[in-house]
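Asks: If you follow the hints, you should be able to join the two separate chains into one complex; please do so.
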Amino acid sequence: MSAEVTLENVWIRFGDFVAARAVDINIRQGEFFSFLGPSGCGKTTLLRAVSGFLSPSEGRVLIGGKDMAGIGPNKRPTALIFQNLALFPLMTVWENITFALEVRGVSAARRRKRADELLELIALPGQGEKMVDELSGGQRQRVAIARALAAEPGVLLLDEPLSALDLKLRQHMRTELRDIQQRVGITFIYITHDQGEALTMSDNVAVMREGVIEQVADGNTIYDRPATAFVASFVGENNLLRGTVSAVSRAAVTVDTGLGAIRARAADSGGKGSLAVGDDAYVFIRPESLKFDEEKKMDNNISAQIHQQEFEGSFWQVFFSIKGSERKLKLSMVNDGSAMSHQPGQRVTLGFAPELAVATPAGPLAAE
Amino acid sequence: MALVRHLQNFFRRNGAALSVFLLGAVGFWILFMIVLPQLFMVDFSFRVNLPPPKWGTPEHHYTLEHYRYMVYGSAGSESSFNVIDLQVFFKTIVAAIFVTIFDVALCYPIAYYLAQVAHGGWARLMVLSLIVPFWVNEILRAFAFRIIFGASGVLNKGLMALGIIDEPYDFIRENFALYAGLGYAFILLMIFPIYNAIESLDKNQIEAARDLGSPWWRIHWRVVIPFAKPGITSGCTMVFMLTAGALAAPQILGGPSSLWFTQIIYQAFNQAGNWSRGSAYAIILLASCIALVLLLMRAFKVRLGEIAR
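Each protein sequence line maps, in turn, to chains A and B.
Mapping to my numbering: the first sequence position 101 is 101, numbers consecutive.
Mapping to my numbering: the second sequence position 245 is 245, numbers consecutive.
The following block holds chain B by itself, in its conformation from the complex (with noise of 0.2 Å):
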């Protein structure tokens, strides 16, 4: 009951045609381009891999197989668990924690110097100067850090110039190249939401706690971080899902050696040809990712509906 009022009420205010417009277009997006794909790709995940044509025949019955090979591997191999999948899958969970962790530690004093301290012109420079790299498409960014860590980049010279090192540093082998693509891609996602949180607060806040003789350090831990809570969190949940699901960055800039999860999702889709368990491997990253998610959300005390303010 409560439902079709709200619904009269939101016809009355926004009139027939916007209202038909605005519900059209909410549905449209959420059934078509998020539920129904979402749908398709769990239920994939559930059967055995088949060739298109025989999609919903009898032999394309439900089963358990790619979340049982996630664990164990084919059924044939030596080893008890599939170590190398799910060495990947832990290796760019931790991986995507500490780009997180590293976002936030470089963001937070950005961001509240933008919302706090510079204000006119000089801010809202900053301002620009932090979107306009994204104006560059991925790919190309990504290729450019290739260069700049590369046995000849710009790194690497700087420092045998200055002396600290004497022959090139393989930047890339050892996935600081890497580290450095992905904790840069998301960086507004991380500024803007800390931004919008620390701009709210009263600036009296942070002379009242000067006043009554607190250090800095004291007055960020007590009273501007705790205000920035919703926004760093907020902040932190996309960069985590997004460096976790980065394909880009990964490819390009990932070591020889290495491998992002996405990856294995990658090369199950197109090399393998076998949806089913790409499918199964990207749910389980996704729960995954969602579940940790929500458990940091709760050690951290925060509430769904804080994010979204």
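This is chain A alone, in the form it adopts within the complex (with noise of 0.2 Å):
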């Protein structure tokens, strides 16, 4: 039963403003595919153009290899849990978990039988005669899954769901998705703003920005090797620096930064603008990347003084001013037992390799 889902160049447009620009997306049948971007980066748009709430100005949705145009949402195979839940507050939590059932004429015998099954599936067994607002927050989110496989889709969407939660359940509740997901065997779509949820659930992520794709691929490569400037200061915490590119190699762009020359992986921006010489770029470092490196062992090397220093339990983090830039670097490095050597103050030199940094052009950056 489960579906892909193809987007072939797909532009929503509200008036002058564009939500979703020339989006070409190929989602595999038994996926749990995430669409990570801030608010307002029209994530949320393509999913209702995928429910079937509203069509693309232009560009083709296809769900198992059929056209959706002019299908409307109740007769795709598609469901659709709403940020709020939406639960009907008036019936029943087995009233609402068969709905769908109810609205394809099962009798109230089958349908009584088919809740139990799934109450039994979501962990909330004897509870079908609650009223929903006697459950707590996890709960109800669990009967909003329940309410939308019940009517056995082809394609759960997700519209974040786990926002109303508070932090410890909406981690459980990660693993209880993904979890749901292995065992339903059906295509997740998942909208968030959390990289934390993306990453984690996901077998692949998109990542937008402004109605753009910006990079499609696994949580991993999303991480290691952000296609643009934007992933790479979405996705994680980043150190940034920024220079002119002075040399292009197969393996390597060296870019003159005011801190010297510095040598990092470019980005597979997947053919389209890939640095050259003279172009204004971008290193990007992770602070797990960042190395304290007295003896300049590493190619890459940047002074600086320690400016602070905070304890984290399992982590140390430290901040750093360097020369000519208002921002801090940032080390991060696990607490070993062995005593913090170092003093705020101290001048110190830092290290990392080349394949821990990846160069893009300079570019459009998330919001701190």
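If you're looking for bench data, these hints aren't it; they were derived computationally from the structure.
For lysine-lysine, the following DSSO-like pairs were computed, each having C-alpha atoms within a straight-line distance of at most 27 Å:
1) K130/A / K113/A
2) K130/A / K301/B
3) K323/A / K291/A
4) K130/A / K229/B
5) K203/B / K130/A
6) K168/A / K130/A
7) K75/A / K203/B
None of the values given here were measured: they were computed from a predicted structure.
Replies: In structure tokens form, the structure reads like this:
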């Protein structure tokens, strides 16, 4: 029953505003796929185009290879879980869950039986007679999932469904969602602005900015090999150095920054806008890739002054001021039990490997 | 004790001057505008009918004759029941029920459209065009309906021009004009409570039902109408009560052979000068309407508190 979803050159416009721009995406059958981006980037709009609540201004939406143009949300093999869940407050839990079956004219006895099976699946056995407002936030969340699954959709669409939950429950529901997805085996399309959710649950993630898909890849690739400056700055923490490209080789580019020449891996931007000598470029270095390197053993070295040190239990976070920049550099290292030997104010040399730094063309960054 | 504490809180929150004003105004309203007049009416209805100078004398004693009259008629009459008054009474109640049902059917879609579909200037324009006609006074509106439904009125002319009928149809004799007028008279009291209820319905619920495969009618049946039920009940209660108690529209738009129960009450007070019988009849109408409303509320499982929301 699981279906693949394809967006072909999808444009969505509201008057002059473009909510989605030339979106081309193929979501495999049975995949857990996330759209990740800041609020207002158009991810919910795309989801509504897949569910059928709005039709693209241009381009096609295919589900299971079938063009969905002219097919309303009630006729599509999709089920949507709303951000606020939108459970029916005047129905009992089991009536909520089996609403899709009621619509299809399934007898009450069989619906009741199906509801019990689904309540079993979401670990709420025997709660069918309750009203929705008698449940806790996490329980309601699971009822919403069961209600959508009861429709036996080929694709389940989730619009930031965890955003209303508190942190602990959210982390628990991540695991549970992933688990349910693997058990039912249908395609999940998940919308979120929370990178933690996207990276932990998804097979693939599409990072969006202002209606444009910046990168589609698995979580590892998104984190380790961001394709654009936006992806690098939006996903995870990153140190940013700005400079001009002075040399390009197959393996690396050299960027002249205020702190000297730095060698870094060129971002794989998929053919468009690769770096050339003379280009304005950003170099991104993850805090965990940055090391103390007094002996200058590494290929890239920066001299810096320790500004502040923070102890976070399993990690030390160290902040540095560098010459010619307001921005502080950040280094994080695992607390291995040895005492921190540095003091604020101390001048140090930092180093990092070129393959752990990414150079992208200068471009828009994520808002801090 | 609880009452004293509530009162103390009330005074502390609002200050002495405002508290006295609020309590005084509401108390005056309830006592002098509602309770006392109704009590006088109840009292009248149980006393023999006498001219004002004899009120309060021993002759002005209590009796059930006016209530008896409503059911059995005068002692000397041929038939064993007061057929005329009873017929008019039941016809009025049944007609008011149908007018109410008609108003729900008409107003629910309008209220839904205003609350969930229309927005911005268009919605405001629609609300305005619903309200503005009610600036025209009731009598004038009723006469305007008479003109529309009259033998040479717009409706007859139009239908004849279209070839649907050959000669003017007597809408007034057949009470079409009456029901149209009554149906229109309290339309706002139906639209606004329903509108209020539906407006607070989360759009996502409608979309969720749609997404789960529901056709539009089932969305209304299972999601919107249950949610709007308190509003619908509130609208129905007001429209039913006011329709059953309407006087101007039946006077002006009623056919020559038709009587509304309020007209009988009016005749008792004004033409027969029988205030006691008028009071008794009015109280019978009021009590019947309240009983019917409470009965229906129980049948549809609506609590009184929900209506006040």
